[in-house]
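A.B. asks: Listed in order, the protein sequences are those of chains A and B.
Be aware that the first sequence starts at 1, since it is given in our numbering, and climbs by one per residue.
Be aware that the second sequence starts at 1, since it is given in our numbering, and climbs by one per residue.
These are calculated hints, taken from the structure and not from any lab test.
Treat each hint with caution, since some may be false.
Mimicking DSSO-like on lysine-lysine, the simulated pairs with C-alpha atoms at most 30 angstroms apart in a straight line are [unchecked claim]:
| # | chain 1 | residue 1 | chain 2 | residue 2 |
| --- | --- | --- | --- | --- |
| 1 | A | Lys148 | B | Lys644 |
| 2 | A | Lys303 | B | Lys532 |
| 3 | B | Lys692 | B | Lys676 |
Stretches of chain B that chain A covers, calculated by requiring three or more beta carbons in the stretch to come under 8 angstroms of a beta carbon on chain A [claimed, not checked]:
| # | stretch |
| --- | --- |
| 4 | 27 to 38 |
| 5 | 168 to 176 |
| 6 | 350 to 358 |
| 7 | 416 to 429 |
| 8 | 544 to 552 |
| 9 | 566 to 579 |
| 10 | 593 to 601 |
Because the structure is a prediction, the values reported are computed rather than measured.
Yeah, the Cβ is synthetic: ideal placement off N, Cα and C, and Gly gets one too.
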Amino acid sequence: MREQLLELKEKAEADLERCVDLEALNEFRVSVLGKKGELTKLLKNMGRLSAEERPVIGQLANEIRDQLETRISRFSETLRDQGIQRQIAGETLDVTLPGTDVRTGGRHLLYQVQEEIEDVFIGMGYSVYEGFEIETDYYNFEVMNLPKDHPARDMQDSFYITPEVLLRTHTSPAQNRAMEAMCPNIPVKIIVPGRVYRRDDDATHSPMFHQVEGLLIDEHVRFSDLKGTLLEFARQMFGPEQRIRLRPSYFPFTEPSAEVDISCVMCHGRGCRTCGGTGWLEILGAGMVHPRVLEMGGYDPGKVTGFAFGLGVDRVTMLKYGLDDLRLLFENDVRFLKQF
Amino acid sequence: MRVSFKWLKELVALDMSPEALAEAMTRAGIPVESVEYLDKGVEGVLVGQLTRIERHPNADKLSVVQVDIGGERPLNVVTAAPGIVVGQKAPVARVGAKLPSESHPSIVLTDFRGVPSEGMLCSAEELGLDPDKLMPHEKEGIYPLPADAVLGENIVRTLGLDDVVLDLELTPNRSDCMGMWNVAREVAAVTGGRLSLPEVTESAAEGEIQDQAWVRVDAADLCPRFSARLVENAHTEPSPAWLKQRLMAMGMRSINNIVDVSNLVMLETNQPLHFYDYDTLAGHGIVARRGLEGERFVTLDGQTRNLTGETLVIADGEKAVGLAGVMGGLNTEVTDQTTKILIEAAWFHPTSIRRTSQAFGLRSEAAQRFEKGIDVTQTKLAADRAAQMLAAIGAGREVTGALDVRGEIEAPPEIRLRLDKINHDLGTQLDGAVVRRFLDALRITVLEERGGSGVGTAGENGAAGGSGGAVDGAGAVGAGGNSARVGAGGNSARAGLPGGVEWLVQPPSWRRDIALEADLVEEAARLYGYDKIGATLPAGGGRQSGSARTPSQKLRRDLAHFMAGQGFLEIVPYSFIHPGHLDRLRVPEGHPWREAVALMNPQSEEQGIMRTTMLPSLLSCAAGNLNRQNRNLRLFEVGKIYRKSPAPEGHPLEIWSLGAVCTGGRPKSWLGGEPKYDFYYLKGVLEALFQKISVRNVRFAPDQEVPGLHPGRCARIEAEGRVLGFVGEIHPKTAGDYELDQRAVVFYLDLEALLAEAGAKTYRPVPRYPALTRDLAVTVPAELPSQEITDAVIELGGALLQEARLFDVYQGEQIAAGSKSLAFSLTWRSPEKTLTDQEVNALQERIESGLGDLFKGQIRGR
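Okay, chain A solo, but in the shape it has when bound (with noise of 0.2 angstroms):
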């Protein structure tokens, strides 16, 4: 008997090692160790055996079963191996081939940088507010402290629907309907972005173009809050080393008001082209909210103070992108709107 099961250990090791596959191994293994296998066949003759012998022969049956699993578990892992090198050898793909063609699309260049000047005030505290692109002379210019006659309005050029109906030239009239919404409550903190409308058409001028404005107030808003909120815009906007600049200006809405410039993008203050020399690029016009404003708001401007800004998305966008043509932002080319 021991020699028998020696002589299957022998015979199994030789025959193992012609297996070719993972299949011929797997038949191998059931042959062999399986229920009906060699080995069973072999050990159904132990009740032959003496008692001696029995403890003795089923544990050398049991080494060379452990022994064979093992060896078969061990080529299995070759075998497994192989095939899969195989595989791999004839399976090679170009990598160099172009991938599944998967269009981009994109927002337009506009709205990036208008929502990413949106997300910077959001930041800061600032809601969302909308209001009307058509709207009355009220709004657009009255209660903006702009009466009729007033020579600043020959400023803006307007698209009238009717004497008193017309789009909007700024996106200032949404201050006093922000106002009227919110009052008596404070603060009002909110920007508006949207388009407006003037009578102008050439290489920096579009008759539609966007503006976001920007109002603030509250009890003890100071000029030099409107100072830090827009250096921490300009920051935020254009990189850590941004500078500003306020040049005292006129707007009827403001008192006082400010021309509002930011270190030029592209020569960093240095002067080039672009700024004209002067390394400041004038970007929005901004100040302390009208006294008169905030009265037909219905605040009362001993009580409250505000500061406002209106800001060009357009200029911006040209700027940060360094573009030199404001209507290539309104002809909808693909070949410009894909690179960005």
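Fit chain B to the known structure of chain A by using the hints.
C.D. replies: Frame of chain A, contents of chain B only:
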């Protein structure tokens, strides 16, 4: 407003370069747009006199000219200029001279066919003179110099080109700076330079004039002040050189001595004047009155003007002689024959002038000043100044006395100014003495001062008088020199407004823009310097006035990002369109798209109406890109459409919309499979979109009535009975009209409707038991919309049918003509247990028999 630096220096002591002044003024709120050197770099050009002219020995068209340039040896110059004569004075550029001329930037010794030329005689163009400021005879040939020009003098000096012009870009509130004296006052306030305005001797109220002329005002509301002077023994002649040059530097052309004085005094005082030929005035007097209906008269430019009761006119004893403040009349114009001049200096109501100037399209220098509002106290001063200047240059003799009609004239307002208010609003910590210095520098009269540094009441700068005399520089604000500190972050200013220093002040008569305390705060801020004000952040404690974005704003942003993610590019077309688009789309009368809001004053028909639909924008953008050989397009827009209000006088509607257009397909690929951007592609995008924003129960119903869309390839999109929008292929006719040479598909959605249907996203448990998937193919009549079959399958399937996905549509062999086969993949699942084959078979049979009953549908494979 152009400002001659040379002139300015006569009025204010200035020790700084034009550039430095420009910067200082810009920082103080008087923006200087440009600094222009009038000499344009001309160097080495002298006054010469032609002493001999000979024909060139070897060239017919050339002359050899001997030019005397004063003390030195005369120059021999070869020139091709015609019409030169001996004795004439001319600019001559010597060897080494520099010119702003492209053809001769510098002059070198040149040999002209054997004759060396030691210089060049110059034309106006070669000297860089502005042709708009030249008389016709000055433009052609060698520039003519006056006989008294000094030989050998630098031409820059002779022509007054030794000047620099600052171009002020005045804001509407600072129209006072359209007068040089006011500019000088402002410059003095900003730089601290000493002011020295010319003396004007105030004329006596009574004099000879009272016997010779009269002035009346019949429209006192429009003309509260009217002053006049008389000048006799007048004669016209060319102006002296200084006057010509001053006007030229200021951007005006010299006409003659009399007109030039009128213009110069206006430039000085900001008070427009009008000169009448006294002898042509019927009754030798003038009246300011409203026009009469049907009245006509001819303005200086030869145009006949129809007057109305709205127009303020100046008339003599019989007839209209001027549009007040806008333009004079031809009938009383000063001419070469004029010997006696009536000088008018009046204050006209800005609104009236503005309306008249707009109605007649006349934007004269005078009208521009009147309509912005001038200094009402200065009319007589300006008339006196003009009379005295005419006399001074020998253009006439003053008649004594003045006419001066005064109506109700409002004094400048008295304004309370609190130091604490300044510091609170600006976030500064200025002290009272500094602010007081600002006030003085600006000639703002301090009527009272309380709680201050003991300066006391002061009114010595009597600005409101305006009746003349030199106004001298008093309060000098050094551009950098003051003692105030920056209140960066200074919380003390937030502490409210305790009783502190305050003033009662009155602005000078020419500063009509200062009316409120806030205006004075700005004055303090700009003189202090915006730069010195700190940068702080608002102390709002993070309080907000609302959520960051509204649901509508969030939806729009989500949709835009979704569309971009699907591969669509966002476009931004104009909100206005050509009204012809509606005809192109064959929009029937009465259709809502016809309810367009039209512009009264579009720049062109292209922008005639506000769009009532996105279709024209989408199609135009697609066509434009196809035209540029971009064949495969997927574009979208989030924007508004506009419509008249259904209510009679209602405000127009603005409706947020999402629109998309696609055409072509994915370009050819080596991988094969090139999907077309067709109807089903776009519908698929829409279905994904609805899923993304949780709009459920969306139905696509055939619709044959949508303008611009293919009747057989168009669906109305509905949810819960509400129309969300449309999707469809472009009608072949419309495609032709828009020159789309390939099929295109569009959709557009009403975002308000969409927002109403967009559901909240809700959690449903993830399935715990496996699903069984079975296919089902049914043959039904071909014309039957597949949606009906799908609906029936779902209905018949019951609660355990999770999904019925239509995966195949087949017509052709093996299927009866007029029929189609639809194949569904059905997913069955129970939330409670694993379904058995038997259970699913029973359910599937229920569907099969149901379909048979409903549609005579035959189940394939049976």
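A.B. asks: Which earlier hints turn out false for this structure, listed by number in ascending order?
C.D. replies: none
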